[in-house]
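Student: Residues per chain, in single letters:
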Amino acid sequence: MATAPAPHDPLEPLPLVVGAPDDHTINESLFQYVWKPTGRGWWTVFLISVAGVCWFLTAVVVTISKGIGTWGNNIPVAWAYGIINLVWWIGIGHAGTLISAILLLFQQKWRTSINRFAEAMTLFAVLCAAMYPALHLGRPWFAFWLFPYPSPTRMWPQFKSPLTWDVFAISTYFTVSLLFWYLGLIPDLAALRDASKKKLQRVAYGVMALGWRGSGRHWHDYRLAYLLLAGLSTPLVLSVHSIISWDFATSILPGWHTTIFPPYFVAGAVFSGFAMVLSLIIPARKFMKFEHVVTQKHIDNMCKVMLATGLVVAYGYLMEHFMAWYGGNQYEAFVFRNRRGGPYAPVFWTMIFCNVVVPQIFWTRRARYNLVIVWIASVLINLGMWTERFVIIVTSLHRDFMPSKWEMYYPTWVDWSLYGGTISFFLMCFLLFLRFLPAVAASEIKELRAEMVHDQGAH
Amino acid sequence: MTRQTWVLGEFATPQGMLGAVRHLRRLGYKNLDTYSPYPVEGSSEALGLPRSRVALFVLVGGLVGATLGYLLQYFCNVYDFPINIGGRPPHSPPTFIPITFEVGVLLGAFSAFFGVMALMRLPKPYHPVFEVEAFRRASIDRFWVSIAFAPAEFEKKHAAEELSRLGALQVATVVQDPASIQVYK
Chain A
1 MATAPAPHDP
11 LEPLPLVVGA
21 PDDHTINESL
31 FQYVWKPTGR
41 GWWTVFLISV
51 AGVCWFLTAV
61 VVTISKGIGT
71 WGNNIPVAWA
81 YGIINLVWWI
91 GIGHAGTLIS
101 AILLLFQQKW
111 RTSINRFAEA
121 MTLFAVLCAA
131 MYPALHLGRP
141 WFAFWLFPYP
151 SPTRMWPQFK
161 SPLTWDVFAI
171 STYFTVSLLF
181 WYLGLIPDLA
191 ALRDASKKKL
201 QRVAYGVMAL
211 GWRGSGRHWH
221 DYRLAYLLLA
231 GLSTPLVLSV
241 HSIISWDFAT
251 SILPGWHTTI
261 FPPYFVAGAV
271 FSGFAMVLSL
281 IIPARKFMKF
291 EHVVTQKHID
301 NMCKVMLATG
311 LVVAYGYLME
321 HFMAWYGGNQ
331 YEAFVFRNRR
341 GGPYAPVFWT
351 MIFCNVVVPQ
361 IFWTRRARYN
371 LVIVWIASVL
381 INLGMWTERF
391 VIIVTSLHRD
401 FMPSKWEMYY
411 PTWVDWSLYG
421 GTISFFLMCF
431 LLFLRFLPAV
441 AASEIKELRA
451 EMVHDQGAH
Chain B
1001 MTRQTWVLGE
1011 FATPQGMLGA
1021 VRHLRRLGYK
1031 NLDTYSPYPV
1041 EGSSEALGLP
1051 RSRVALFVLV
1061 GGLVGATLGY
1071 LLQYFCNVYD
1081 FPINIGGRPP
1091 HSPPTFIPIT
1101 FEVGVLLGAF
1111 SAFFGVMALM
1121 RLPKPYHPVF
1131 EVEAFRRASI
1141 DRFWVSIAFA
1151 PAEFEKKHAA
1161 EELSRLGALQ
1171 VATVVQDPAS
1181 IQVYK
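So the protein lines, in turn, are chains A and B. Each residue of the first sequence is one higher than the one before, starting from 1 at the first, in our numbering. Each residue of the second sequence is one higher than the one before, starting from 1001 at the first, in our numbering.
Derived by calculation from the structure, the hints in this document are not laboratory data. There could be a bad hint or two in this list.
What the hints assert, rightly or not - Below, simulated DSSO-like cross-link-like pairs (lysine-lysine); rule was C-alpha separation at most 27 Å, straight line: (1) A/LYS197 / B/LYS1030; (2) A/LYS405 / A/LYS109; (3) A/LYS304 / A/LYS66; (4) A/LYS289 / A/LYS109; (5) A/LYS197 / A/LYS109; (6) A/LYS198 / A/LYS36; (7) B/LYS1124 / A/LYS198; (8) A/LYS36 / A/LYS160; (9) A/LYS199 / B/LYS1124.
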């Protein structure tokens, strides 16, 4: 399959599946890495990520045994890495739902090759995100206090607080994403069961496939259920990041108290999520030999989505600063002046460079077709979106109305370890997923191929 | 375990499978089913399936969820333990919207997933069609048709011959007894 890329006629649409593989070849090529013994490269990265997870656990033990004082948080900067990283991870997760649900509803056929991959990314990213509020509680074993249950104190959560909305939004989001992902996996797990040669594999995949036999009577209900889950996920994903943004926007703090937050947060989430999909899929498609199903067309489309959402984010920045000036509120004006020229100005300008300047290279085809450039740009955008959350949270908190309570915020080694640790955890989960489960939805690729053959026959 | 006989035929293309099912239905065969690695356009019509009930499940689940979500907040913050914070009203519908929506989506998604599992009668690790070794290709690259018979109406010979005549690459029969299972080619 991996032929050298031929010079391409710019007027011809790029193919979604290269060559004309039959169903058997698709099965073989997409599942081959599951049967092959694990390579040295996989083990190297996996062990590094496991080491990172061990380091993460150390930081967790320090946090729990000594308390939140080991973090750099202070008053006024009571929210720092805990919330920065929560928002960052949740945002990354949103691209998975966007690709799998919204693009499905819009009948974008190119989603098929990357949806499974992106949905797995969503699940692991939401897991990483959920660890931060739990740890930030200081006593994570009381995390169940967040949920309404009949307690001996007769107290209930305060449902008028956006932080309670967060609990419902994130737990619903994780549950629905998991159901959607698993429902999509079932036909492929059955294909793995039926293609497996060893007894253990056959039993393991057989149990996970739940006895799926591809019956027409099953497909009849299954397709509708899948579509309806996509329909439910679409408003859900928009609501989750809107609710996250309300954590800020419903407060009266300058720099947070603005109505532009929900759309600007959702666009930023999609922006960073696509950047993460690209940072992961560009190496993965090479090592796992998926170039024939994750083609240049997919990368090209993802770059265009990043460009579009990047422009929305840039518009958000512009509007924030414009309103701070035009609104005539001195506190608001000060916060934005402080962002541009205060002690955290280097972080602000890094954000502008990564999120506003870097995506502009995707106007040119040459940049979108150069995988090295796309990969570097996507990593920079991930960094940029992290600095965006840093800028929003830290600069608004560290200098608000009263100069007497201004305070600088510096992260400690525990903060950095928790951040690096969740990245390692994410990587570890992802490597396990790539090793044992079908990373590309084979049944959907077969369906797409059947449609393409049918379309060609019709012309 | 009830006594049943399954006649299975393998086809190379989805068109062959659909043609066979349409033909068998015209001949008056009941309890037909198709098996394919991906959803085949037109198989629901060929099998004569009624509209799926999943949509109704999701509608009911979503509405029940939204109602419960709102009532939960009302019960906790208005009825059982109202707290006066700066004179804000205990019952404030706008602030109850997000959780109402989230719980609605959650129960809608549960009813989609568990509803479809109930309709499909899954998980069900064993099924007589799995007795045929070649049936493994039904999830990979082949298309199968099955006809299930109760013992009284079993016309094995006809059904198997009919499937071969319709172009089946191979035909297998699974006879399921309470005591034993036999597979004939």
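Student: Hints first: check each against the structure and report whether it holds.
Tutor: Hint check results:
no. : hint                 : verdict
1   : A/LYS197 / B/LYS1030 : 35 Å, violated
2   : A/LYS405 / A/LYS109  : 54 Å, violated
3   : A/LYS304 / A/LYS66   : 47 Å, violated
4   : A/LYS289 / A/LYS109  : 21 Å, holds
5   : A/LYS197 / A/LYS109  : 32 Å, violated
6   : A/LYS198 / A/LYS36   : 12 Å, holds
7   : B/LYS1124 / A/LYS198 : 21 Å, holds
8   : A/LYS36 / A/LYS160   : 53 Å, violated
9   : A/LYS199 / B/LYS1124 : 19 Å, holds
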